[in-house]
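Participant: Produce the entire structure from the sequences given, and follow the hints as far as they go.
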Amino acid sequence: MKRICCVGSAAVIALLLTATALATPGPGDRLPPEYTVEQGLTQTGVVPATKEEVVRTARTQAELAAIKASTACWQHHWRYARGHLVYYRAVNQQTFWCSDWRVITYRSTSTWPDTGQLCSTMWGPQSWVSGGGVGSWHVDVTSRGGFRCWVNWFDYHDWIHFTIRYTYYGSSYSV
Amino acid sequence: MSLKVVIALVIGVLAIWSVVSTALWALGGEGPTRVQTVTVETP
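So the protein lines, in turn, are chains W and H.
Mapping the first sequence onto the numbering used here, position 129 (from 1) lands on 157, and the numbers just tick up by one.
Mapping the second sequence onto the numbering used here, position 37 (from 1) lands on 215, and the numbers just tick up by one.
Warning: the hint list may mix true and false statements.
Okay, the calculated bits of chain W under chain H, using three or more residues with CB under 8 Å as the criterion [unchecked claim]:
| hint | region |
| --- | --- |
| 1 | 101-107 |
| 2 | 176-187 |
Pulled from the structure, derived: some chain W residues nowhere near chain H, Cβ distances all over 12 Å [said to hold, decoys possible]:
| hint | residue |
| --- | --- |
| 3 | Phe124 |
| 4 | Gly152 |
| 5 | Gly163 |
| 6 | Ser164 |
| 7 | Trp165 |
Hints were generated in silico from the structure; no laboratory data involved.
We treat Cβ as the ideally placed atom computed from N, Cα and C, and that holds for glycine.
Facilitator: Here is the structure:
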């Protein structure tokens, strides 16, 4: 019996070590080269990192005028994660926005998933404006993504959903 | 090692792994949390 316990324990430890070795890398390590920039219209690209980049990539005169009128810009990255190691799954939301210290003048958001080796993205992630917007004192961005994980020989499904409020004075918080 | 022992071992390991994997899937998580803040431009 003692021998069974020892061998059994060794096997469990080996399984745990394997799971740890396969652990999900840290945030940012698994970013796809391109992800969706959502800004009214959806297109492929990356979220802008500077105001100059926004000016360079502006698609309309109105967008160009809005960004030039802005006096402050910020970029925040939010993440909602669940699970551990190989069962890790997360939705990332990165928003670049500007204001003239009264109202929001520009916003673009990128959303991408992040999973451990035994989970995968089932749908999404998607993001959309759920409140406020350009011309308002804030903009609420909601992100949502569905995941499936292989747990005990079954497919477990769940989803992550969260909303972040970005304000004209450069703060952001969960609502 | 007899067949009975081997079967008992396999069942034991699978039972323990099913508990551990369910816990890894169900427990933990953080969020939403802000992981990066960059002030691009302010006057």
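Participant: Against this structure, judge whether each hint is valid.
Facilitator: We went through each hint and held it up to the structure:
1. For the region 101-107 of chain W, the stated coverage by chain H holds: 7 residues have a C-beta nearer than 8 Å to a C-beta of that chain, and at least 3 were required.
2. Coverage of the region 176-187 of chain W by chain H holds [criterion: at least 3 residues with CB-CB distance below 8 Å; count 4].
3. A beta-carbon of chain H is positioned within 12 Å of the beta-carbon of phenylalanine 124/W; the least distance is around 7 Å.
4. Non-interface call for glycine 152/W relative to chain H: holds, since the shortest CB-CB distance, roughly 15 Å, exceeds 12 Å.
5. For glycine 163/W, the requirement that its beta carbon stay farther than 12 Å from each beta carbon of chain H is met, with the minimum near 20 Å.
6. Every C-beta of chain H lies more than 12 Å from that of serine 164/W, the closest at about 20 Å, which supports listing it as non-interface.
7. Tryptophan 165/W, annotated as away from the interface, keeps every beta carbon of chain H farther than 12 Å; the closest lies near 17 Å.
Of the hints listed earlier, the one the structure fails to meet is number 3.
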